[in-house]
Amino acid sequence: MKTVRSVFSFLGKIEALPVFAVMLIMYGTFMVFAPDVFMKYRIYMSILQTVTPPLILALGLTFVITAGEIDLSFPAIVALSGFVFAWGYQNLDQELGREWATWASFTLALGAGALAGFINGFLIAKIGVPSIMATLAAQFFWYGVTIVLAGGRSWRLKDIQEDPVWELFVRRIYGIIPQQGRAPIGVPTQALWALGLAIFLWFILNRHKFGEAIMFIGDNPNVAQVMGVNVVATKIRLFTLMGVIAAFAGLILTLQVTVSYPTQGEGMLLLVMAAVFIGGTSIAGGYGAIIGTFFGAFIIISLEPGIVATKVSGYWVQLIEGLVLGASVVLHIIIGEQNIANFSDRIRRWSTPTRLVKTASAQENMRKEQI
Amino acid sequence: MVEKPAALQMVNIEKYFGLVHALRNINIEVGSNEIVGLIGDNGAGKSTLVKILTGVYPPSSGEFYIAGRRVNPRTYSVKRAHEYGIETVYQDKSLGEKQALWRNFFIGRQITYPFGFINVKKEKEIAQEIMLNTIGFRGRGITVNSKVNKLSGGERQGVAIGRAMHFEAELIVLDEPTVALSLKEVRKVLNFVHKIKEGGKACVYITHDMQDVYEVSDRFIIMDRGEIVASIAKADISLKALDEFLLGYSQGLKDKELA
Ligand SMILES: Nc1ncnc2c1ncn2[C@@H]1O[C@H](COP(=O)(O)OP(=O)(O)O)[C@@H](O)[C@H]1O
Ligand SMILES: [Mg+2]
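So the sequence lines, in the order shown, correspond to chains A and B.
In short: position in the first sequence from 1, add 1, done, that's the numbering used here.
In short: position in the second sequence from 1, add 365, done, that's the numbering used here.
Misleading hints may appear alongside valid ones.
To be verified - In silico DSBU-like links for lysine-lysine, alpha-carbon gap of 30 Å or less:
1) B:K562 x B:K549
2) A:K127 x B:K487
3) B:K562 x A:K210
4) B:K369 x B:K553
5) B:K599 x B:K553
6) B:K444 x A:K210
7) B:K486 x B:K458
8) B:K489 x B:K458
9) B:K444 x B:K489
10) B:K487 x A:K210
11) B:K369 x B:K549
12) B:K549 x B:K560
13) B:K549 x A:K210
14) B:K489 x B:K549
15) B:K605 x B:K562
16) B:K562 x B:K486
17) B:K599 x B:K444
18) A:K210 x B:K489
19) B:K486 x B:K549
20) B:K599 x A:K127
21) B:K605 x B:K444
As the list claims (entries may be wrong) - Quick partial rundown of chain B residues pointing at chain A, CB under 8 Å, derived from the structure:
22) S425
23) T453
24) Q456
No lab work stands behind these hints, which were simulated from the structure alone.
These figures come from a predicted structure and were not determined experimentally.
Don't be surprised by glycine CBs; every beta carbon is placed ideally from N, CA and C.
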C-alpha cells in the first residue's frame, strides 16, 4: 500500500506527466492504426498549425481558472481582434504606408483585446458581477460589435503573405524537416510562438508574484486579501491579460487563414476548456497546470484527425473526445497530489485516537463547572 | 529611558458596512509591551476592529496611530501594516490551503528578483529555517513543499505564528487562534503570547476562552455590539469576577431587552 502510494505521489509531483503519457498513448495508437498518416511528418505540421490558436487561448484560460474564475468571452475577442486587424490592414495604409499599417493594426487588435478584457475584469472585480455572467454577456456583446462593424461580411487580407508581420508569425520554416515525397514540409512559426508563450506563462504563474497572487486568490480570496494581495487589481490584470492573449490567438488565426469573418472563434469555447481540464487544472481554483494545458491542447486537437485517419467513422469523434475528457479528469482526481494528501491524511486519522478538541461547548461546560 | 509610544492608539473609530454600524466610537490604546485581551460575543466587532488595524478595511471615520505614527487611511494597506510591524494570525483565514508552505510564509511580501520574479531558493531556505528553529517542526514528513491541507489545525497555527515571529512584529494580533485546537496546541499558542511579552512586544489576543485570556493578558477590553463597554486591568479583577462580570453584563442586557 505504502509503495503504491509513494509511486503515485511521486508521479503526481512531476507536473503534467500523466497528461504527457496520455498524449503519447494517443499518438502511439494512431501510429498503429493509421500508419500511412501518423508515421509521416506532414500530419504533425498540420496539427502544429491547427493547435496554435486554441493552445494560446487555453494557456490564458488556465490562469483564469486557477484564479477560480471563468471566461466565456474569449471566442468573441478572437473575432473582434481579427476584425480590428483586418480593418486596419485595409484602411490604414494610405496614411501610414503598408508596413506601418500592418503593425499599427496588430497593436490596435491587441489593444481591443486588452480593452474587452479590462471591462470584464472591472465588472467582475470592482462591481462584483460573477465572472460567468459578465463574460457571457461580453461574448454576445463583442460578437455583436464585430458583426455590426464588419457589416456582417468577411474581410480579406490581400497579399498578407508578403507582409513582414505574416512572415514573423505564421511563416513556414523549411529545411528543418527532411523532405518526404514531392512537396517540402515546413514547421509553422506560430507553433514556436505558442511554445515561447507557454514557457513565459509557466514562469509567470509559478515563479512570479502575479502568478502567486492568482493561485492564492483561487484558493481563498479572503486569505489572499488579509495577506496583502490586492485582489481587485490582480483580477482586473488577470482578465486584461486574458483579453490580450485572446486577441493574440485571434491574430494568429486571422493571419493563418488570411481572412477575418465575424464569427471567427465560434466553437472554440468548449475545445479550449476541455484542453485546460485535460491538462489537470483544478476547476476549484488555486492550482493551474500550464504544461498540462499545453499537452491537453494537443490531445483535444489531434483526436479528430486521428480518429478520421484510422478510418473509424467520423461519427465517433465526439464520443471519443468525451471519453478522453472524462477519463483524464478522473485520472487527475485519482493520482493528483491533492488526493494523495487527503488519502494519507485520512489513513492517519483512522489510525490515531480522536484528539481532545476544545470545542465551544466543552469550554462552556468548563466555565459552568468553575462557577 | 525614553518611554516608547503606544503600539496602537485608536481615536473615535467608526465603521459601517452599508447600514450595519459595526464599530461605534472606538477609543483604545495598546501599550508598547502590553498584552490586551479583546473579549466579546460573536458579532461584537472584534474582527472588524482587527481588520481596520491590519489594513484590510479602511475605517469609515476616526484616526489611529501605530507606534506614535499617524496612519493615513487612504494609503494604509496590509502591506503598509506589515511595514509598521503588525502581524496577524486569524482563526482559519491565514493560509492558502492548496499552496506550498514556503509560499504561505512569503505571500504578500515575496523575496524577488527584478521584475517581480520570486527568488524561490531564498524563500525556501528561510522557510526551512523558520520551520526548524522558530516553529520547531521535527520529522512528521512536513517540508517547505508540503501543502497546507496536509497539516493539522495546530500545525497550521504554528505556521501562521512562526511567520508572525519571523517578521519580528511590534504588535501581533491573534484573532481566535485556538478555535478547534487540542489542549496541547492551545498551550503552545499561550506560550507564544508569553514570549511576546518577554520579548518586549505588544499583542492583541482575541478568544472566547476566559481562562486562556486571563492567563496571558495585562488588560481586558470588552466589546459589545460595536462598542467598547469596559477596559479592566488584570490587577483589578480576578478570573471569577471577570467571568461574572461578562455573564452579568449579557444578562443585564437581556433584562433590558425584556423590559
Ligand atoms: N465584510 C462585511 N460586510 C458586512 N458586514 C460585516 C462584514 N464584516 C463584519 N460585518 C458585520 O459586522 C459585525 C461585526 O462582525 P465581526 O467584527 O466579525 O464580529 P466578531 O469578530 O466580534 O465576532 C457583524 O454584525 C457582522 O455581520
Ligand atoms: Mg471574529
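- If you draw a straight line from the CA of K444 (chain B) to the CA of K489 (chain B), is it 30 Å or shorter? Between K444 (chain B) and K489 (chain B) the Cα gap is close to 21 Å, so the pair holds against 30 Å.
- Query: Given the hint that K599 (chain B) pairs with K444 (chain B), does the C-alpha gap stay at or below 30 Å?
  - Reply: Answer violated: K599 (chain B) to K444 (chain B) is near 33 Å, above 30 Å.
- Take the C-alpha atoms of K489 (chain B) and K458 (chain B), compute the straight-line distance between them, and say whether it is at most 30 Å. holds (22 Å)
- Message: Can you confirm whether the C-alpha distance between K369 (chain B) and K549 (chain B) stays at or below 30 Å?
- Response: The given pair, whose Cα atoms are some 35 Å apart, is violated under the 30 Å limit.
- Query: Would the pair K127 (chain A) and K487 (chain B) pass a check requiring their Cα atoms to be no farther apart than 30 Å?
  - Reply: violated (35 Å)
- Holds or violated: K549 (chain B) to K210 (chain A), with C-alpha atoms at most 30 Å apart: violated (36 Å)
- Task: Take the C-alpha atoms of K562 (chain B) and K549 (chain B), compute the straight-line distance between them, and say whether it is at most 30 Å.
- Result: holds (20 Å)
- Item | Satisfaction of hint between K458 (chain B) and K486 (chain B), Cα-Cα up to 30 Å | holds (26 Å)
- Is the interface hint for S425 (chain B) satisfied, with its Cβ closer than 8 Å to some Cβ of chain A? Violated: closest Cβ of chain A sits about 19 Å from S425 (chain B), beyond 8 Å.
- Under the criterion that the straight-line Cα-Cα distance not exceed 30 Å, is the pair K605 (chain B), K444 (chain B) satisfied? violated (40 Å)
- Is K210 (chain A) close enough to K489 (chain B), meaning Cα to Cα at most 30 Å? Distance of about 15 Å is within 30 Å: holds.
- Task: Tell me if T453 (chain B) is really an interface residue toward chain A, meaning its C-beta lies closer than 8 Å to one of theirs.
- Result: holds (7 Å)
The structure is inconsistent with the numbered hints 2, 3, 11, 13, 16, 17, 19, 20, 21, 22, 24, although it conforms to all the rest.
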